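**Q** Kindly produce the complete structure, drawing on both the sequences and the hints.
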Amino acid sequence: MDNSLQRHITACNNAELPGSRIALRLEGQIIGWMTPTVAAALERLAGVRRDAQGVTLLDADHLPDLGRQMAGLGFGRVRGEMFDVRANPDGPALSTIDRGALPSFGIAAAGVHLDGLVRRADGLHLWVARRAANKALDPNKFDHIVAGGIPAGYTPWDCLVKEAMEEAAMPPGLLANARPCTTITYAMERAEGLRRDILHCYEVELPNDFIPTPTDGEVAGFELWPIARALHAVRTTDAFKFNVSVVLIALFIRHGLVTGDEAARLSAALG
Numbered sequence: 574m575d576n577s578l579q580r581h582i583t584a585c586n587n588a589e590l591p592g593s594r595i596a597l598r599l600e601g602q603i604i605g606w607m608t609p610t611v612a613a614a615l616e617r618l619a620g621v622r623r624d625a626q627g628v629t630l631l632d633a634d635h636l637p638d639l640g641r642q643m644a645g646l647g648f649g650r651v652r653g654e655m656f657d658v659r660a661n662p663d664g665p666a667l668s669t670i671d672r673g674a675l676p677s678f679g680i681a682a683a684g685v686h687l688d689g690l691v692r693r694a695d696g697l698h699l700w701v702a703r704r705a706a707n708k709a710l711d712p713n714k715f716d717h718i719v720a721g722g723i724p725a726g727y728t729p730w731d732c733l734v735k736e737a738m739e740e741a742a743m744p745p746g747l748l749a750n751a752r753p754c755t756t757i758t759y760a761m762e763r764a765e766g767l768r769r770d771i772l773h774c775y776e777v778e779l780p781n782d783f784i785p786t787p788t789d790g791e792v793a794g795f796e797l798w799p800i801a802r803a804l805h806a807v808r809t810t811d812a813f814k815f816n817v818s819v820v821l822i823a824l825f826i827r828h829g830l831v832t833g834d835e836a837a838r839l840s841a842a843l844g
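Heads up: the sequence shown is residues 574 to 844, going by our numbering.
Do not take every clue at face value.
Stated by the list, open to error - Ranges between beta-carbon positions, derived for each pair:
hint	residue 1	residue 2	range
1	G790	P745	42 to 48 Å
2	R692	D634	48 to 54 Å
3	H828	L646	42 to 48 Å
4	G620	H828	46 to 52 Å
Claimed, not checked - Pairs of lysine to any residue, SDA-like flavour, derived with a Cα cap of 25 Å:
hint	residue 1	residue 2
5	K714	P799
6	K708	A742
7	K735	P712
Please keep in mind that the hints were generated in silico from the structure rather than gathered at the bench. Keep in mind that this is a model prediction, so the values were computed, not measured. Just so you know, even glycine gets a beta-carbon here, dropped at the ideal spot from N, CA and C.
**A** Below, the structure written as structure tokens:
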């Protein structure tokens, strides 16, 4: 196996846009990038128009239903979680769509990731979650103590507070010292489609006596690792969920575990 940390960043940026993909437009703005096969299926549905610029949605309110219809045709799936649709990360929400439809449409999705740190006499430690075996995406892999997609209508901070309680029984008071660290974006081709993810990354130092508890069934359990063990795992294995490795690389750089030319190259690759 390639033992470079760079391989994780490269894997998350394997999509070339637009490439052969076709623009999905709403209110004159590009909101997604679809394969020709997806575009051909979508243009046969009511409420869309195909022209030289791509496929245009005629009514923003119709997008949720289009997502469900496309899932019925085998493109994406229905997960029952609505996400905001934006033309750019800082722009207004133009519509919503089921989370399961995002990769098929190539629509960007936002999420939050939290590095949960514990400082002990023998050094810095990191809380690591084990994803449940029934997860559709990367079951049984290691994950952050808290991570999740941002539902429609939520800010990143609102989502972080919600996910912390739901996933780890972490009360809001423990997040008082949490700080935003970086925002990571990538475009990645996966089996489910195109993932254009925007990850809002936070870190927090947690008290020694706090023990996270799985509460929503998405996590099988938690382990407290010396941070050097986490670095070794990311460098030499693919044991972590694909995008968690990328967020952890940023953490290792911030805390001086990765330095010099390697840190400079990785920082440039992270953007």
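**Q** All the hints need checking, so say for each whether the structure fits it.
**A** Do the hints match the structure? See the list:
Taken as a hint, the range 42 to 48 Å is violated for the pair G790 and P745, whose Cβ atoms sit roughly 21 Å apart. Between R692 and D634 the beta carbons are some 50 Å apart, a value that agrees with the proposed interval 48 to 54 Å. The hint said 42 to 48 Å for the Cβ distance between H828 and L646, and at roughly 47 Å that hint holds. About 50 Å separates the C-beta atoms of G620 and H828, a value consistent with the hinted range of 46 to 52 Å.
With a C-alpha separation of about 18 Å, the suggested pair K714 and P799 falls inside the 25 Å cut-off, and the hint holds. Restraint check: the Cα-Cα separation between K708 and A742 comes to about 19 Å, which is no more than 25 Å; the hinted pair holds. A distance of roughly 22 Å separates the Cα atoms of K735 and P712; the hinted pair therefore holds under the 25 Å criterion.
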